[in-house]
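Colleague: Those sequence lines, one after another, are chains A and B.
Using the working numbering, you'd call the opening residue of the first sequence number 170 and step up by one each time.
Using the working numbering, you'd call the opening residue of the second sequence number 23 and step up by one each time.
Cross-link-like lysine-lysine pairs, in silico, PhoX-like; alpha carbons within 25 Å at most:
no., chain 1, residue 1, chain 2, residue 2
1, A, Lys-337, B, Lys-158
2, A, Lys-371, B, Lys-158
3, A, Lys-235, A, Lys-197
4, B, Lys-186, A, Lys-371
5, B, Lys-158, A, Lys-176
Some chain A residues judged to face chain B by a derived CB distance under 8 Å, without partners named:
no., residue
6, Ser-324
7, Asn-327
8, Pro-329
9, Cys-330
10, Gly-331
11, His-334
12, Gly-336
13, Val-340
14, Gln-349
15, Leu-364
16, Val-367
17, Pro-370
18, Trp-373
Simulated from the structure, these hints should not be mistaken for laboratory data.
Ideal Cβ placement from N, Cα and C applies to all residues, glycine included.
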Amino acid sequence: MIVAEAKPLAEIYALLEGKKKVLMVGCKECVTVCQAGGEKEVGLLAAALRVKRELAGGPALETTEKTVQRQCDPEYVVPLKALAAEHDLVISMACGVGVQFMAEHLGAWVIPALNTKFGGGSVEQGIWEERCGFCGDCVLHLTGGICPVARCSKSLFNGPCGGSHDGKCEVSDDVACGWQLIFDRLKATGRLDLLTEVRPPKDWQTSRDGGPRRVVREDLRL
Amino acid sequence: MTEASAAVTGQPGPQLKSGSHLERIFEAGHFAVTAEIGPPKSVSSKSIREHAAMLRDYVDAVNLTDNQTAIVRLSSIAAAVHVMSEGVEPVVQITCRDRNRIAIQSDLLGAYSLGVRNLLCLSGDHQVFGNHPGSKNVYDIDSIQLIAAVRDLRDRGVFMSGEKCRYSPRMFIGAAANPFADPFEYRALRLAKKVAAGADFIQTQAVYDLERFEAWMGMVRDMGLHERVKIIAGVVPAKSAAALRYVSTVPGMRVPERLIDRIAGAADQAAEGVKICAETVAHLREIEGVAGVHIMAIAWEKIVPDIVQQAGLLPRPRFEARTDAV
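Just chain A, with the same shape it has in the complex:
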């Protein structure tokens, strides 16, 4: 899933200066699962913003709270258009995709309440970790199901650099060496042969730098 976390309250609050009526929209998909922008978080943030405005002695802040199935889909965003028009500002509590779909379809000023972090999952209660680098050309079949793009600090393709030590990355003892993990997995599964081949340079055209990427499925088009 897309993992996101809340922006600092002060940062969001500063963006509300001069606004009286704010529409706050959560999303029931990834950000609900990672507890950053679901119905519960929308309610908490709305209350916090109202109280902060009240304590500051400014004009009362009126909030309308909505949580849609998903913001990355016009089907759920477009119906908010009339409601958005009744407000001074829209706060999206979805990932960056949701913020953009809202801005695109509502014709309103939309601000993000979250920082979108990465494609990952929960490794233990309260901790999420990146797993996918969204490079557009998956190599997990060559690396024992561990992504060198996302999990090596240098996105190396031909094994661990000279900074790998005791299973840790040179960057920090809090970071596991991705290539040590790959090595261990391939060794355990008897596939170390995969590490002896020289991997050619990656074609990053599938990854980024070519403008927004698109997937076109002719079989699904109307």
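Since the structure of chain A is provided, determine the placement of chain B on it from the hints.
Modeller: Just chain B now, kept in the frame of chain A:
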């Protein structure tokens, strides 16, 4: 083809890949000695030229580091030009951290056109270690892919795109190996990949732990790699017990505790550090498959002649001057 006619065609000469002094040292069967100069964090070439002049008669070639530890410094290629002006052969270090394949290949052409014949292909220290931790790293290609690219330009005359290069750089290709990093059992396999990609010589991480180094060399010899690539063992003289203690904490370094104790117990710690370094060089020289030493005395370059002398590696061989500029 004589060396004189080779000079006219811009070719390196019979059986030589690059014709660099370092390559000729190996070809003639000599034990190579190289050193390292860290370019300054300024435009002044004074320290580079002074160190090069001082090292001229003591080493066969000098490495110029490429923004080592991710700190902005005078470029390794520009530094190489200053070194050459002092009559010293450079080994230009090039990392994959700061440049994509376009910039790297462009720099290769530029470096060769300026007379550079030795290249050391590195991944590069992560930017978090340097003075611009907020910078974005590149790693469009990794060090092994870089080695293959330099080889393809030399041996096939083609860029990474497959497009032909009319006058292509003919570099003597170096790579790094760290016998002290993990996973240990993969380290010789990784070296094999670098050799397969086209490395002609290898510079290792600084050797303090000779036991581990010998174990690694055993694996290297078992794979026959020492016959396919020239292995230059790295050494770093320790100025004090405290300095060596710090080195022992750097990721990918291994320092036996007894060495730190030995320096701590000496009346003159720096002299003891030099003595240990010279002893290490003498030991390395006896290991089958070790073809040279690389003395990394960054910020202590002036000690290199003493180490070379104490290790009995003088005088350094000289060859006829090379005039193969394109």
